[in-house]
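Q: So in the working numbering, the last spot in the sequence shown is 668, and the numbers never skip.
Honestly, the hints are just simulated from the structure, not real lab data. Yeah, the Cβ is synthetic: ideal placement off N, Cα and C, and Gly gets one too. Heads up, some of the hints might be wrong.
Think about it this way: if two alpha-carbon atoms lie no more than 27 angstroms apart in a straight line, the pair counts; the simulated DSSO-like pairs of lysine-lysine are [unchecked claim]:
#1 Lys547 x Lys652
#2 Lys652 x Lys549
#3 Lys652 x Lys581
Label-pair ranges, simulated between beta-carbon atoms [what the hints assert, rightly or not]:
#4 His637 x Val562: 32 to 42 angstroms
#5 Leu594 x Leu530: 32 to 42 angstroms
#6 Asp593 x Pro636: 18 to 28 angstroms
#7 Thr640 x Glu620: 16 to 26 angstroms
#8 Gly513 x Glu580: 19 to 29 angstroms
#9 Glu646 x Arg611: 31 to 41 angstroms
#10 Pro636 x Glu603: 15 to 25 angstroms
#11 Thr639 x Val506: 38 to 48 angstroms
#12 Gln546 x Glu647: 32 to 42 angstroms
#13 Asn538 x Ser512: 17 to 27 angstroms
#14 Leu530 x Asp593: 14 to 24 angstroms
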Amino acid sequence: MSWSITGSRVGTVLAVSDSGLPICHGEGRHEPRPLGLYGYGGNINHALLSRLQKSKCAWTIALPSEAPVNIDGNDQGLIERIQQAPEKAHGMITFFSDPDLVGIVSVVPEPAFAHIRRLLELVLLSESLRYSIALDFLGFRVPHATTSTPSWEEFMSGKPYFFNEMDVALSTNDA
494 MSWSITGSRV
504 GTVLAVSDSG
514 LPICHGEGRH
524 EPRPLGLYGY
534 GGNINHALLS
544 RLQKSKCAWT
554 IALPSEAPVN
564 IDGNDQGLIE
574 RIQQAPEKAH
584 GMITFFSDPD
594 LVGIVSVVPE
604 PAFAHIRRLL
614 ELVLLSESLR
624 YSIALDFLGF
634 RVPHATTSTP
644 SWEEFMSGKP
654 YFFNEMDVAL
664 STNDA
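Whenever a hint applies, use it, and build me the whole structure from the sequences.
A: Below, the structure is given as structure tokens:
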């Protein structure tokens with residue numbers, strides 16, 4: 494399953510961080526699609542899912558060499574994952590309350606970052622293009638499981654969900 498973010502040039506920012514490195518930010522619509530959402534086999538808390546779906550979404554895509562404060566300011570474990578495998582993509586999805594916001598940080602190797610930034614440049618130059626970001630997301634763990642994946646309640650309390658895969662695509666607004 495996946496967690497998708499879609500958006501247009503509105504709210505999309507290509508910048509240079511205070512570290513002197515290129516960085517991408519944006520706001521978009523998001524849709525979590527955990528395993529079992531449309532049928533059998535999932536652990537779905539429909540009340541929390543509804544709250545999550547109504548939350549705003551902000552995202553960041555950065556390079557592995559970005560300053561830690563810009564990608565894991567609360568030291569939740571993303572930096573350690575990047576250091577263990579800097580040649581791979583890494584990311585985390587975090588829920589913040591009051592007001593409800595889903596924050597997504599993706600860190601990708603330089604070759605992938607260059608391609609993603611170019612796609613976002615095209616979005617900024619065209620009113621007719623939209624981006625779609627798909628993140629690997631299976632869902633939250635059941636409370637009695639003993640994995641590092643957060644439960645629904647833990648996620649809604651701020652514990653991040655980590656992911657390792659993301660895809661970025663463009664389409665026209667009428668697609």
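Q: Decide, hint by hint, whether the structure agrees.
A: Now for the hints, and whether the structure bears them out:
1. Restraint check for Lys547 and Lys652: satisfied, since their Cα atoms lie roughly 19 angstroms apart, inside the 27 angstroms limit.
2. Of the supplied pair hints, the one linking Lys652 and Lys549 holds, its CA atoms being roughly 17 angstroms apart against a limit of 27 angstroms.
3. Distance check on the hinted pair: Lys652 and Lys581 sit about 22 angstroms apart at the alpha-carbon level, within 27 angstroms; holds.
4. Remark: the range hint 32 to 42 angstroms for His637 to Val562 is upheld by a beta-carbon distance near 36 angstroms.
5. The hinted window of 32 to 42 angstroms between Leu594 and Leu530 is violated, with their beta carbons roughly 21 angstroms apart.
6. Checking the proposed 18 to 28 angstroms range against Asp593 and Pro636 shows it holds: the Cβ atoms sit about 22 angstroms from each other.
7. A C-beta distance of roughly 44 angstroms is found between Thr640 and Glu620, which places it outside the suggested range of 16 to 26 angstroms.
8. Between Gly513 and Glu580 the beta carbons are some 22 angstroms apart, a value that agrees with the proposed interval 19 to 29 angstroms.
9. The hinted range of 31 to 41 angstroms is satisfied by Glu646 and Arg611, whose Cβ atoms lie roughly 40 angstroms apart.
10. At about 40 angstroms, the beta-carbon gap between Pro636 and Glu603 misses the expected band of 15 to 25 angstroms.
11. At roughly 40 angstroms, the beta carbons of Thr639 and Val506 sit within the given window of 38 to 48 angstroms.
12. Checked against the hint of 32 to 42 angstroms, the pair Gln546 and Glu647 fails, with Cβ atoms roughly 18 angstroms apart.
13. Judged by the Cβ atoms, the range 17 to 27 angstroms given for Asn538 and Ser512 is violated: they are separated by roughly 38 angstroms.
14. Look at Leu530 against Asp593: about 19 angstroms separates their beta carbons, and that is inside 14 to 24 angstroms.
Hint compliance for this structure: hints 5, 7, 10, 12 and 13 are not met, and every other hint is.
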